[in-house]
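Residue numbers (the working numbering), protein chains in the order written: chain A, 1 to 106; chain B, 1001 to 1222; chain C, 2001 to 2310.
Everything labelled a hint here was simulated from the structure, so no lab data went into it.
Heads up, some of the hints might be wrong.
Derived pair list, reagent style BS3-like, types lysine-lysine, alpha-carbon separation capped at 25 Å [said to hold, decoys possible]:
1) B:Lys1166 / A:Lys50
2) C:Lys2012 / B:Lys1166
3) C:Lys2216 / C:Lys2233
4) B:Lys1187 / B:Lys1173
5) B:Lys1168 / C:Lys2122
The chain contents come next:
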Amino acid sequence: MAVPCTGKVDLIHMLRAFEKGADGVYVLGCLEGECRYENGNLRARKRVEKAAEILDKVGIGGERVAMYNLSSSEAPQFVRFATEMTERIRRCGPNPIKLAMKKEAA
Amino acid sequence: MIVAKPKPIEEVIDSVKPYDRILLVGCNECVTVCEAGGRKEVGVLASALRMFFMNQGRTVRIDERTIERQCDREYLEELRGDMDGADAVLSLACGVGVQFMAETYFQKPVLPGVDTCFMGGSLERGVWTERCQGCGQCVLAVTGGICPVSRCAKRLFNGPCGGSTKGKCEISKDLDCAWQLIVDRLKELGRLDDYEKLAPIKDWSTERAGGPRTVTREDVRQ
Amino acid sequence: MTELKTPSKLEKVLAQGHLAVTSECGPPRGSDPEAIRKKAGMIRDHVDAINITDNQTSVTRLCSLAACIHLKGMGVEPVLQMVVRDRNRIAIQSDILGAASFDIHNMLCLSGDHQQFGDNPKGQNVFDIDSMQLIQTVRLMRDEGKFLGGDAIDRPPSVFVGAAANPFADPFEIRVPRLAKKVAAGAEFIQTQCIYNLDKFESWMEQVRDRGLHEKVAILAGVTPFKSAGMAKYMKNRVPGMDVPDEVVKRMSGVPKENQAQEGLDICVETIQRLKECEGVRGFHIMAIEWEEKVPEIAERAGLYPRPEV
């Protein structure tokens, strides 16, 4: 999902993704201090932290959501983060909600 | 405004557990300003609750509604249609709204989703602070605009006490000593001599101590 | 000699122009009155009256009124300390009458430490009236024989009314106006917070004298002996409203541990001796918390013994 600034990503967007069965969500924002809109990426970080807290409390797992910062010219960094996130989610396993939804459909 | 904070989600989960269909109602006024019970918070809480129950293998239906305010029957009536199917109402309004909801929808269990704290204002986003205790007899003209009832931990009328240290209250370094503030302000206003006037004993009968209160304005009643 | 308003021995000592000496005892955290009798027994001959603290630091103890009654039973003159934290105006007036029924003739009117500091931080607090208004209430009951509500009192209390003063507390600019307020409210004697910064205290007294307050109220200078350098440091850094100059701490630390208690007592005696020369100081309030056995030594070395027969 592409946005003009990670500041546009709201808490509910992240939660809904998990509600619908996503295994993980990661938010990629500009380096801190380099936000074109001043502090959009800082707001995003706070929301990601809040999402992680909620996901822990409801038993889905806060490790499934993460935020990374990089500049648009850092392609290798992008790849590294993507790989790292994939590894992380693999370790978490599938979203229990996805399994629950499957069970219900069956 | 009335300042509230969200209840810990574990507590909310515990109270809504018995129900399969919940009407989650937010309020567009005070609790929206203090980001505890407005439309956004309703959405987030609904999502979180759904995920919790799905994870438990239960499908709990959570309908989301936010009305202008819950302390007015006129707005509460807008929910009449949504009420039929609901097993319970989870209200994110302040304690007033929750009670009005319970009175209006007498047969429905009504649960609070926030802890109502005090009457206060915003210092900055995310920080709200108490300013009024509703004593019913405002003395702010005498104390330079600083309230000894709501800002002094001992509600002293002839303060400060001996615990005031460097402008802070004895109970916390984060709490300003109300009487230091009053003295500073009286000084600023050139009224420091007023400090020596002995404040009379307070009539607390217009406060909580006198019993639950009602304001009736005959001039305004229909 | 000024005309006496009450049968209080403390009032009499002051009225006759003597330096008064008071001390204090904390009641036990239980119901054994022997604890009070023992402490009072150690100091009774060296003081004119003994204060009994009122759930000090919000730690629940045997109540001040009961302990004062035990003192009366031993023939010792009590000073009933009363805080407004725990009682509304009904209980306050009631307790004043209770004290009067046992002929307790001295009272110290205080706000009280916030309950957060004690063993019941989750409890309510009252503060129906504040300490200034308490002074006014006692004077009303005594001088007009009336309850706050206006009704007449049968056998009004005859209480010598005192208040506390802290020359070292903030805000600095109202320290003397605050004393003036207490005097206007009706305070007849003052016991100050314990003094270590003599210069600051004397400068406060100068301002007090400038306003003639020293003639309207009897100021008893508070003193507390340090038991150790650790205690000096603790009081300097951790107790609100306490002013302990660096030199005093240095003096305590500069002495080997086994001699520190004696050094503390020496400082206390020197303080009294210096303040005897301070115009307006009408006596001393020796607070030797949990060290009551040293009060006789302090009083004797400071030339305050024997106590006058009044």
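Problem - Satisfaction of hint between Lys1166 of chain B and Lys2012 of chain C, Cα-Cα up to 25 Å - result: violated, 39 Å
Problem - Pair hint Lys1187 of chain B and Lys1173 of chain B, alpha-carbon separation not exceeding 25 Å - result: Given that 25 Å is the threshold and the Cα spacing comes to 23 Å, the pair holds.
Problem - Hinted pair Lys1166 of chain B and Lys50 of chain A, Cα distance within 25 Å - result: violated, 36 Å
Handout entry: Proposed proximity, Lys2233 of chain C with Lys2216 of chain C (alpha carbon, max 25 Å)
Key = violated, 35 Å
Problem - 25 Å limit on alpha-carbon distance, applied to hinted pair Lys1168 of chain B and Lys2122 of chain C - result: holds, 21 Å
The structure fails to meet hints 1, 2 and 3 from the earlier list, while all remaining hints are met.
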